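What follows is the residue order along each chain.
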Amino acid sequence: MSNQVAAMPRRTRGPWAVAFAKLARNRAAMASLAVFLLIVLACFSAPLYAKWAGTDPFASTLDAVIQIDGVDVPVMEQSTEGLGLGYTPIGPTWRLGNYFLGADSQGRDVMARMLYGGLSSLLISGAATIFTLVLGTAAGLVAGYFGGITDTVLSRFLDVLWAFPIYLLAISLSIVTIAQGISIGPIEIESGSLWLPVIIIGIVYVPYVARPIRGQVLSLRHSEFVMASINLGVPGSRILWRDILPNITTTLIVFIPLMMALNMLTESALSFLSIGVQPPAASWGTIIQDGQALLYTRPLVALAPGLAIAVSVMALNVFGDGLRDALDPRSKVRLGRD
Amino acid sequence: MKKLLLAASAAALLAGMWLTPAQAEYLKEHRGGTIRLLARSAAGTLDPHINYTDQGWQMYQPIYDGLVAFRKAEGMDGFTIVPDLAETLPAVTNDGKTFTFKLRKGIKFSDGKDLGVKDVVASFQRIFKVSGPTSGTFYAGIVGADKCLADTKSCTLEGGIVGDEAAGTITLNLTKPDAEILYKLALPHAVVLPADTPAEDMGSKPIPSTGAYMISAFDPNKGMTVTRNPNFKQWSEEAQPDGYPDVVQYDFGLSEEAAVTAIQNGEADWMFDALPSDRLGELGTKSMDQLHISPLSAWWYAPLNNRLAPFDNEKARQAVAYAVDRNTLVKLFGGKVLASPVCQVLPPDFPGHEDYCPFTKNPGAKWSAPDLDKAKQLVEESGTKGQKVTIIVEDTAISRSIGVYLQSVLTSIGYAADVKPISSNIQFTYIQNTSNKVQMSVTQWYKDYPAASDFLNILFSCASFREGSDASINIAGFCDKDIDAKMQKALDLGVTDQKAADKMWAEIDKQVTDKAPAVGLFTPKRLDFVSKRVGNFKFNRQFNWMITQSWVQ
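Chains as they are written, first to last, in my numbering: chain A, 1 to 338; chain B, 1001 to 1553.
It should be emphasised that the hints constitute simulated quantities derived from the structure, not laboratory data. Remember, it's a predicted structure, so these values are computed and weren't measured experimentally. There's no promise every hint is true.
[To be verified] Restricting the straight-line Cα-Cα distance to at most 30 Å, the calculated cross-link-like pairs of lysine-lysine (DSS-like) are:
1) A:Lys51 with B:Lys1388
2) B:Lys1376 with A:Lys51
3) A:Lys51 with B:Lys1385
Bound-form chain B, shown alone (with noise of 0.2 Å):
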């Protein structure tokens, strides 16, 4: 019995190797060929330190690396923090304030040039030089940050990004320890970049990258072209893996439907927007194989401004979530397979979250029906029945049509309602800025990287709120000293014990989500629509699909 277990269990171990060989084997089988990718229109600037985009991020992964990474794994593991160019995780010092990198050798750039530690010196500066999106944020905690900031052209970040070309190594000092200071690292924005590039937005100028792929053409209206790094050698399978295809072709300017159609006749292979609602019925029945369905680290939401009557009352705020039917606005999307309903800011599998749910029928964990009879209660008790309420929406078909849904809810439980569509170019930096006197807006966040605060004290802190900017991510103007202390615990905590802080984080979730400062819509998911002849399809839950871990050939 014993020797027919074992024979069993080296049967199944050759199965298992026979039906998952090492990725050299597989890259063998089907390395080479050309991808091509379709998008309405390119992701804006090329230069990986000010784009601040999903479809720019997800390019650069094959591409562009930092010191550290995310993991190039599937689903969860993808959220793993992993050396990059450097050689090993840093040695933390000085109370959590330095960290130190040793730099792997023998790594060139795709122009044949040696990567060097003058090259991550000179790309921490570059990211304030060139006043990148996240240098007053997510870089705001190095030392000398502050100069940098408002002075960005002398920028040198003295004593605080300090390199030894003899010993190889960077050491980073911060003002005080941050506990998602690796998790910053790793985003598009801290890539290292050659130490003479220069210091203003290259545009559509592709800049020279150590990963496996390098941008060799890029015209902003017709397309991209990535080939493969002539100088790359695989260093770490984590953290920037071989590709299996020769060429990505990226294309512009296709719309959704003629996208869709391409990829069933096998002209292109992927397509970066989302599915036109009218075909997926039909996508989800004939080309369920082609189809793949992954979950995302994002909230639609509809901030209320705090600030503004008639949401400047709590009890007004709370009958809007309490009267929100979020199985609707889930049918909006296209069904249960696409979305879920939510009530709470964290998103589900996602550090810090606890399922949680008040604004509901049932209160308790999850979302069950709206409770009509309670908001209009809660109307009628905050003496703002009948006041004029504006909804400002994208002018996209899905946020349009929520926004009218959203106009009929508040026309049932009281108010005046009316919802305008504007621009998708403007809209998100429109319902910021307080002047605009938006009362209400739909809008989404997709997280940055896998931290509770990259929701809450992003999207909720006083900091975060700014009277009269495009730039006030806090769009409810809501400001809550005591959950904002809270929150400044947690970021403390989380330097030592992460786990006790993710508990706080869950606290505070719920804190905010009690004071309604925006009404949760649902949490999607992502629908990748690939050719029939992709293979490997891997999804990467920090920047979606892996794009050359997949195969054509």
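Excised from the complex, chain A in its bound form (with noise of 0.2 Å):
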């Protein structure tokens, strides 16, 4: 009995198999992506909820009165003591389509808010590591293979980008177009749009992709497969296609969600100061500076897109670092200067 199994031919899992098994197992990582999935789950049903609640999260509702246990309460509520100054918006009231975590200084629903946020956060975020893979896979791919000048001018170009502070530089390009947009030959964005947001981050993180996807293409560049390949005539396109892509696609698909919670942050950042998503749409990082000036009083409204932004980033984190595990563990590929 023994001799025959010993007999029979083992079946070897393909690459793709043995590194979602990897995955599957470790659980950080999957509970990580769980975490990440309810709350991208939960973003897109912004709309719904906001019908739901029967709430316009972009329109100032200063006067509006909701009803709590029957009772008539002002979304805006004056002060009554002492000298009667100001207005304090309403706390959250823990109650699902009706104000749950309260209303900004506008008087609007900060949950229903809170879900738009992040359906932007999400869309510019996921846009932005697109825009940036598929600008740095090109740079790093083309300099990589063709090497001599226009390595030189590929790399230097990166060069000059990469030695710039990333939030400086993506501040200084957002200022630039945020009261015009953006208006090149046929292009035109206009400076309301979430594509200016999403351009900006693409731009300032393609030598984060650019460089060391290079790196790994001069590699290949010199292995025997690709110096046959050459030997054998095949064109350089068709070369960099179907034999170098293919072997830099898991570096690749490890920069998705490190990329993805890179960007999530600079966005934030960038809408905070008022150069990212515009008023009255709302991201995370533009809820955050509505929160701002209510602080004291009603803190939640800063601390909940706080939170939210790292719940997520965390959980980007920690499911990219799992990924990595599982596709390249020999890689060190870790987003960051060093």
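Since each chain sits alone in its own frame, please combine them into the complex, following the hints.
Below, the structure is given as structure tokens:
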């Protein structure tokens, strides 16, 4: 019996299946993925939530009155004691659909804005990640494969971008484009468009992707299978597409969650500084900014989006680490300058 | 009965004297100590001929003097002009074009040098030599000013300012009568500085002064120390009274939240910046005795670009004026205690002000409620429905809130509106420049001096509009030849009959309001929060709280 078993041919699993199994065994990574997917699901349900709650998260509703336990409560409450100075927005009611997290200084439902804000943050960081990966990969592939003057020009350009502190560069680009938008030939992007932060964030992180990709391509360029293809006269574009790109796919996949986390932080920072998502649209950064003026009386307005950013970024980073361990355990890909 | 009345009167008089002893007695009792003021940042240059900020002007009051001054008194009395370095108000001759001042004797600068006629002449020339921000407006009517404006460095104001050392007189000649010239001479831009003061922006370097105090140290990143001028002897309680504290320590860099806490803890005595909105309720309840609410001659408004669609259409502008709920804006500013709804340009209690509000549910004297139906109808009639409007606001909590609210309003009446907050450092100049194509913005105007022209003529005259310039204070780009001619008439009439001129300004205010070049939002009030030890708080309508007229011990 035992001899029979030993004689059976062993079925080996493919590298993707191995990686997936390894990832599935990483509890921290899977838990992070679940948390992140939950956040994504909640954020994508923002329009449904607003409709169900009967609230417009983008319009000022300073005179609104809501009912709590059959009692009419104004959304903005005027101080009735002393000199009667100032208005305070309603605090959290902890009732879904009825100012669950309270109101902001415009009398808007913070919960509904949180969901819409998350949607903006996710869309911007997701689109910016794609933008960065496409540009960074293209630059890395071309520079690493063709070398020579092409590599010198592209690498120096990336060095120049790399030399700027990331936030300073993003802030400068945002300030320049925020009032007038972008108009280059047929490409016109209006100043309030969400594409502006997408492009700005996408551009500033290109060197972070392009440089490691270039390094990998440089080493692949001198590997035996690529040299063989070159000697056989296979065109460069085909070699890049068929031989080199598949070999850097795992690196690119590892980049996705890590870049997304980074982009989410950058988007929030720009929106907090009023140079990202523009009011009355919401993003977690703009809601923190709105909450800044209410820190003393309604701290939750700023804390809730702050917590959402922290949880999302942490979930993406932990999942990204798990993905890296699963796909390429030898890789040292980690975002940052060191 | 008569005796009883006399005795009661005498007792009341004595009691009154006991309750309000003369300043000299108070000075004896409360003189001394250090009053500590806080601000997020310094007010810019120390040079009084250049600094054009509320913060700077307030601080200059106990430090510098002009030939005349606004009376250092509470309330509306603070709008009265009194002689300061001049012995009396000037003798006016030559059909209102020549003003002769006699300089007081025995006044010294804080560096020990005597004040003389040459200092006055040099100071007037310096206004132009340093290209003072109001040299081309307030002082452009002085004979020779045109040459000085064309070539600042060699400015002599020949024929415009004539000094007679022997007689101790200064003669000021104007090209044409100016009813507001004394107000302009009482502003910090016309204070008298030593003749040898360099003709350049002195920046962080204090300039010797004649007032009760002098600036003894200044670091724009840390603070300013103001101490008593050792050479000061009070010559006029109305113009330059002696002060109570020995030292005024003005520290910069603390946030508004931290400043409130410092005042609550008795570590500071006052803060320049507006109180954080989330602390208003608490302070209004727990620290009522430390709060002072004072009226301001100011206007929060939303200029509508009269030269760009959709607001090049009068009906579209009126529609916005009808739609804006001033009560909501008042709420955003902190409530009725801190602001009042407004429709017109001139603020309440201001020369020429007569209550007027055509853009409300029941048009009349006062604003009552928005009229959205009328607004929507006007948008339809104007044919501008669906057009895109961008509102440019300052990147501050209150301006952003107002911008977001106005965006909601414009959307509700049929426009595709969005709002853009931009840095407070550039917003005011950005919205003035026509090349930026700003359709609508939110801004404020605080009076320079108490005259209707300071609002109407400056903000809405054709001359105040400059295409493509950062200094085009007529932000709306409004220019109505008939109204312009009427404003000129009112300015001329003011030379001989100020009351009649004010009546005329009231009519102009109504005409400008009807055309809706801008939407009046509200009139703000000033809320000062002081420490428990601050006594004798007095608010002057011209330059706000008189810092050194309060005591701390």
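Consistency of the hints with the structure:
no. : hint                   : in the structure
1   : A:Lys51 with B:Lys1388 : 26 Å, holds
2   : B:Lys1376 with A:Lys51 : 26 Å, holds
3   : A:Lys51 with B:Lys1385 : 26 Å, holds
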